Each structure stands twice: as structure tokens, then as C-alpha cells.
Amino acid sequence: MDTFFLVASLVKIIAILAYIYGLLWVMGHANRWVKIGGIVLAFAVVQLALTPFGDFQILTAFDQGLLYQACAMTMVALGLNLIYGFNGQFSLGQWGFYGIGAYCAADITYRWINGDSRGLIVVAFGVVLVALAIWGIGKFLSRYRGIPVMSSFTLYLLGTVAAAAVAVFIGNALQPLLQPALGTPENPGWLNSEIALQVVFFLAVILAGAFAAIVSFLFGLPVLTLGSDYFGIATLGFTIVINTLMINSDTILPFPEMKGGRGMIGIPKLTTWFWAFAFMVLVIIVMRNFIHSSTGRTVMSVREDETAARAMGIDIAGTKLLSFVVGSLFAGLAGGVYAHYIGFLSPGTFDFLVGFNPLIIVVFGGLGSMSGTVAASFGWIFFLEGLLRVILSQMGTEAPTWRFVLYPIALLLLMLLRPQGLLGNTEWGFLKAKVIPLKVEK
Amino acid sequence: MLLEVNNINVYYGAIHALQGISFNVNEGEIVTLIGANGAGKSTTLRTVSGMIRPRSGSVVYKGEDITMTACEKIVVKGISHVPEGRKIFAPLTVRENLEMGAYTRSDRSEIAASMERVFASFPRLKERINQLGGTLSGGEQQMLATGRGLMSRPALLLLDEPSMGLSPLLVQEIFRIIKEINSQGTSILLVEQNASMALSIASRAYVLETGRIVMEGKASDIANDPKVKSAYLGI
Ligand SMILES: Nc1ncnc2c1ncn2[C@@H]1O[C@H](COP(=O)(O)OP(=O)(O)OP(=O)(O)O)[C@@H](O)[C@H]1O
Ligand SMILES: [Mg+2]
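From first to last, the protein sequence lines stand for chains A and B.
For my numbering, count along the first sequence from 1 and bump the result up by 1358.
For my numbering, count along the second sequence from 1 and bump the result up by 8.
Don't read these hints as lab results, they were simulated from the structure.
Some hints could be false.
What the hints assert, rightly or not - Calculated cross-link-like contacts (lysine-lysine; reagent style DSBU-like; alpha-carbon spacing at most 35 Å):
{"id": "1", "chain 1": "A", "residue 1": "K1393", "chain 2": "A", "residue 2": "K1627"}
{"id": "2", "chain 1": "B", "residue 1": "K187", "chain 2": "B", "residue 2": "K81"}
{"id": "3", "chain 1": "A", "residue 1": "K1393", "chain 2": "A", "residue 2": "K1790"}
{"id": "4", "chain 1": "B", "residue 1": "K81", "chain 2": "B", "residue 2": "K226"}
{"id": "5", "chain 1": "A", "residue 1": "K1393", "chain 2": "B", "residue 2": "K134"}
{"id": "6", "chain 1": "B", "residue 1": "K85", "chain 2": "B", "residue 2": "K187"}
{"id": "7", "chain 1": "B", "residue 1": "K85", "chain 2": "A", "residue 2": "K1497"}
{"id": "8", "chain 1": "B", "residue 1": "K235", "chain 2": "B", "residue 2": "K85"}
{"id": "9", "chain 1": "B", "residue 1": "K70", "chain 2": "A", "residue 2": "K1497"}
{"id": "10", "chain 1": "B", "residue 1": "K70", "chain 2": "B", "residue 2": "K226"}
{"id": "11", "chain 1": "B", "residue 1": "K95", "chain 2": "B", "residue 2": "K134"}
{"id": "12", "chain 1": "A", "residue 1": "K1790", "chain 2": "B", "residue 2": "K226"}
{"id": "13", "chain 1": "B", "residue 1": "K187", "chain 2": "A", "residue 2": "K1497"}
{"id": "14", "chain 1": "B", "residue 1": "K226", "chain 2": "B", "residue 2": "K187"}
{"id": "15", "chain 1": "B", "residue 1": "K85", "chain 2": "B", "residue 2": "K95"}
{"id": "16", "chain 1": "B", "residue 1": "K134", "chain 2": "A", "residue 2": "K1497"}
{"id": "17", "chain 1": "B", "residue 1": "K235", "chain 2": "B", "residue 2": "K95"}
{"id": "18", "chain 1": "B", "residue 1": "K235", "chain 2": "B", "residue 2": "K187"}
{"id": "19", "chain 1": "B", "residue 1": "K95", "chain 2": "A", "residue 2": "K1790"}
{"id": "20", "chain 1": "A", "residue 1": "K1627", "chain 2": "A", "residue 2": "K1370"}
{"id": "21", "chain 1": "B", "residue 1": "K134", "chain 2": "B", "residue 2": "K235"}
{"id": "22", "chain 1": "B", "residue 1": "K187", "chain 2": "B", "residue 2": "K70"}
{"id": "23", "chain 1": "A", "residue 1": "K1790", "chain 2": "B", "residue 2": "K134"}
{"id": "24", "chain 1": "B", "residue 1": "K134", "chain 2": "B", "residue 2": "K81"}
Note that the structure is predicted; figures quoted are calculated from it, not measured.
Between the sequences and the hints, there should be enough to build the whole structure, so can you do that?
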């Protein structure tokens, strides 16, 4: 039994890595129909493997959980790779944004199924209004020269607070109108039908990403000017502050439904393989197009040499902020997917120590490699969280804790043997840059 | 007058790096700044391109005060800075490096035309178009850095030690190309350790000593000055 389990697990991990490779390959296929067909096929294969035919099921419920976690981790880690790997800003804040996304999305759907529309309405209007406010203030500020960062930050903050207040007002005003359609948990209205809930879930995840992005904008604006090392410390502080707020969400913050340190329960488990896969593929596509666009090149040039980048006319502060915001957006989306898979959020999950996981994954996979990040995310979750946990738990109740000894050893070995990470700079399939052929002169 | 620098004072913390420097560049000229290590030549270029701000004094370009203008806006206005030490983007290909140089421009066909012009000056770059910048030889990297500086189609090109670390033959080649770029209508402010070469292609020159201009005039006059000869030309 033991050896069978071991062999089966290893085969599973290899199959999953091959699957990732195949997925990226088919996504990069030149023919559009092959591409779309391949993505649908990739979805279907796993969907079928997850389906129980009587007693026969290739991927168990446990594997299913690992899959969702791996998809979420891929999004978090890709975001971090954008910030750290491609833009060179050492950040420990990614986990905080992941937590923000998780709580934000969870709160929206939790309130919704309990007959409260304000979660969705306030965040939706808030995100749109704040984005408009930030855009307007940005336009206004661009007309002046030499404005100190803290002054523009103050303006943005005031604009955000004002826009958010308007959103809260709108939410409170609309609630009585929507309440009848929402119904109560015992007696749900049509806005809580199966289909409507799927739409709300989709919006909740998107809004969670947008919410995390806005927070990262406001946080990054003053903090990114600090320079890389200090930025790292500040982002660590950010993750700790967010964690503290989560622990006190029912006392300091006005969110009794989050239940502070006891953990938020009763979140609808809406994440399916379809959604996890769809959001992950979406993030991969956005990330790839971003990196290989001219903006992506400015992001990398800022990492390479700030002086040269400035000489090219690149706005250094703006570029850093952009990659930080996009990276945090990915983390927020991932949080939404995670919250609706697990159904229960505890502040312990978003502790800063756990927050080193995406960092280790990014370094493991290779700092400049998106494919490495994707592969390492899946490998990490399935190997360390899956296989090792099961094996160690058969050795004794305390044994799983040994994982935390094995991670660092694995990392140390990797740094000694292959400091550039498993994949270094190599990319697979879809994530490769197109080589523009040299134009032959006539 | 294309560029006019008036009495600028620049500090790095407590270090008074530029102590009231004034000079100018006319349309179509090559002007060179020469001086010993640490005299403040690179600092002068950095101030003109907006990378550092003077504590007092002004930088006027085409009649407009750009002393406090952001670096990225100065590039759009037509000043391009090729910084000291090449500073090319190692993980990007030659083509991508050049495209970065045209970052502030958007017209695809005009960018392609500029790239062709760069390739006409530096045919070697064309042969290596898909090679990574970091794998070019030192001389090729210098060509790439200079070519990249031209991609924003500047009216004024600031060159910081373009001959650094090049073999004598390549130095000749680079200076010939600088002259050629100038004859196509780009004004050049050139900083050089290789004073004799710089003076041979420049029309005017300024001599910098510990943050002050101690001599200025026609390049040929400066080249014949006995003090300059002994201090900078090693004759
Ligand atoms: N970032 C900096 N921080 C502190 N001091 C600096 C900085 N950059 C330059 N300096 C100082 O300012 C003075 C002028 O430096 P600058 O780089 O302009 O010299 P340079 O004339 O270009 O010399 P070189 O020919 O060696 O390149 C030097 O004394 C230098 O030590
Ligand atoms: Mg210098």
C-alpha cells in the first residue's frame, strides 16, 4: 500500500508537470483553433479525472483541493515574479494582498447569500469610483512639475476616501431595493439562484483583484520610492499589519461577519475546476502579454539599470508602481479563488511566515521565468503539501511539521546547485517571446 | 542657441560637485567637456538630462527653462543621454534595446526608419540584431548604447565617454561615426577622457577642473594651449 501510494503520487506529480508543459505548449500554438481546442481539452481532461465513476476516480477530493490551491498559488507567485523577478522590487507584501483578496471576495458572497447586497454594491461602486478618482487626480497632477510624493499620495488618499464614502452611501441606499430579490438564507430570492450566484462569485473574484490593486497603488506610491531593501521591509510590515487587521476584523474593523481571530466560516464553496482553471489561464495570458509588450520591456529595463532606463525617457516610479499594482491584482484574484474553495478563512493562513512560500516558489522556479513559476507552484503544492504531508503523517502525528525543515534544506540545495532557479530564464511554449525574423533587404 | 547652462551648482550631499558652471551649445555644433577624473563632467551631463537637480542655476533648452522638468519629459523634448559605462539592457536583444531607445515615440514606421539609420551607422549591430545585449563585445555594446541614444531622434545628444575601453581602431571608428551623426544634423555635447580625439572633432571645448570651468574656446585653440597639452594631452 505504502509503495503503491508513493509511486502513484510521483506519477501524478510528473503527469501534472507534463500537463502544465502541454497546456503552455498548446496555448502557444500558431493556429488559433488548435489553441482554443487545446485549452478546452486541457480543461476537460482534468474535469473528467475529477469525476467519480462509481468507485473509480483518478483525482481524489484531496487532489482536487490541491489543484485549486496550486491554481491560486500560480496566480500569487506569477504576480510576485512580476514584481520581484521582472521588476527587481523585493516584496514580502504579496501574501497580504492575497489575504485582502480572499477576505474581500468572501465578504461579498457571504453577505450576498445572507440577504445583504452591500458587499457587492459597495465594492463594485467603490472600485469604479476610486479608479475614476485616481485617474482624475493623476491627470491633474501631471500638469505640475516637481510635486513631492507625499503630497500626491495625500491627494490620492483623500480622493479614495471620498469615493469610498460615496460607494457606501450608494450601497446603503440600494440595499432596501435589492433585499426582496435576495431573500433570506432559508428562503432565497431569484438573485440567489444557482446562476445568479455564479455571476456574483465571478464578480466577487474580479472585484477582490481590483480592490487589492487599489490598496497596492496607495501603499506602493510612497513606499516604492524607498529603494529595494527598504521596500522589502515595508512590505513585510504591510503583511503583518493586514494580518493584525484580520485578527481584529470584528473589533477594530466593522466586519462582525469575519469573526476576527476565530476565522470566517460559512463562505459558499463556489470554486470549481472551471473557475480555478479559467482564472489561472486568464492570469497566465495577461502576464505573458504584459511581459512581452513594450511595457514589459520597460519593467525589465528598470530592473536592469535605472540610470539607463531614465535616459530612455522611462518614468521609473510609474513603472515600478504599475508592476506592483498588476502583481497585487493577481494576488487578489487568487485570494478570491482560494476563499471559495476552502470555505473558511482564518488569519493564520495569511501569517507573514507562510507568506514566504510564494517567494520560495518564485526563486525555485527561476526569477526571470514565468514557466518556472507555474511549474514550481504546482510542484510545490503537490509534492510538499500533498505527498510529503501524507507520507510524514504516517510516521507520527508530529512528523508533518518536519516539512518546515525539509523546505529550507531543499531550497539551500537548490541555491547551491542551481542559483538561477530550476528553469533560469527558459520559457515554455506560450510564454516564450516571439523571435522577430530579421528583415531581408531587397 | 540650443542649450544654455547658467551658473549651476550641484551637490551630492555635502560634496559640491559643480561650482557655478555656465556653458552653451549652438545648433549643429560638437562641444566637448574635458577634464580629469572626478572633475564633474558626468555630473554636468546628468544635470542637463534631468537625472539630478541643481541647487541653483538654470538649464535652458531651445529657449525653455527645463531645470525642473522630469527626466522622461526632457527626452521627449529632444535631449538624449548616453550614460557612462554603456548601461545596455543585458537580457534584451539588440533590436529590443534599440526599441527601448524609441520608448517615447509611437509611430511604428518612423521608428523603423530610425533603426535603419542606426544600422547604416553601425552595420555591426544589424548583423547581431537578435543577439542578447549582454553577450555583445565591449565595443559593440558601446555602439549599441550610442545607437540606442539616437533612437529617440534627439536634437541634442549627450555622450559620456563613448570611447571608454575600446581598442585604438574602434576609437577612431566611434569618433568617425560621431562626426557623421553630427553632420546629419544632431548637435552633440561630448564628454571624453581621450581629450586629443575629442578636440579633433569638436568645434568648441570647455576644460573642467574640480567642478569649475577653467578654460573655454575653440577646440583647435584649446588643443594648442601649452597647459592643456601637458595636463590632458600628455604631450
Ligand atoms: N552619486 C554620487 N554620490 C556622491 N558623490 C558623487 C556621486 N557621483 C559623483 N560624485 C562625486 O562628484 C564628483 C564629480 O563626479 P563626476 O562623475 O561628475 O566626475 P567625472 O568628471 O565624470 O569623472 P570621470 O572622468 O572619472 O568619469 C566626484 O568627486 C565624485 O566623487
Ligand atoms: Mg564621468
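These are the hints, each one checked on the structure:
1. A:K1393 x A:K1627: Cα-Cα ~30 Å, so holds.
2. B:K187 x B:K81: holds, 27 Å
3. A:K1393 x A:K1790: Cα-Cα ~15 Å, so holds.
4. B:K81 x B:K226: Holds, at roughly 32 Å.
5. A:K1393 x B:K134: This hinted pair holds, its Cα atoms lying about 34 Å apart.
6. B:K85 x B:K187: Distance ~23 Å between K85 (chain B) and K187 (chain B) Cα, so the pair holds.
7. B:K85 x A:K1497: holds, 20 Å
8. B:K235 x B:K85: Distance ~38 Å between K235 (chain B) and K85 (chain B) Cα, so the pair is violated.
9. B:K70 x A:K1497: Measuring from Cα to Cα gives roughly 26 Å; hence the hint holds.
10. B:K70 x B:K226: holds, 22 Å
11. B:K95 x B:K134: holds, 19 Å
12. A:K1790 x B:K226: violated, 54 Å
13. B:K187 x A:K1497: violated, 42 Å
14. B:K226 x B:K187: Distance ~17 Å between K226 (chain B) and K187 (chain B) Cα, so the pair holds.
15. B:K85 x B:K95: holds, 22 Å
16. B:K134 x A:K1497: Cα-Cα ~40 Å, so violated.
17. B:K235 x B:K95: holds, 34 Å
18. B:K235 x B:K187: Roughly 26 Å between the alpha carbons, so the hint for K235 (chain B) and K187 (chain B) holds.
19. B:K95 x A:K1790: holds, 25 Å
20. A:K1627 x A:K1370: Cα-Cα ~25 Å, so holds.
21. B:K134 x B:K235: Violated, at roughly 43 Å.
22. B:K187 x B:K70: Holds. K187 (chain B) to K70 (chain B) sits at ~22 Å (cutoff 35 Å).
23. A:K1790 x B:K134: holds, 23 Å
24. B:K134 x B:K81: holds, 29 Å
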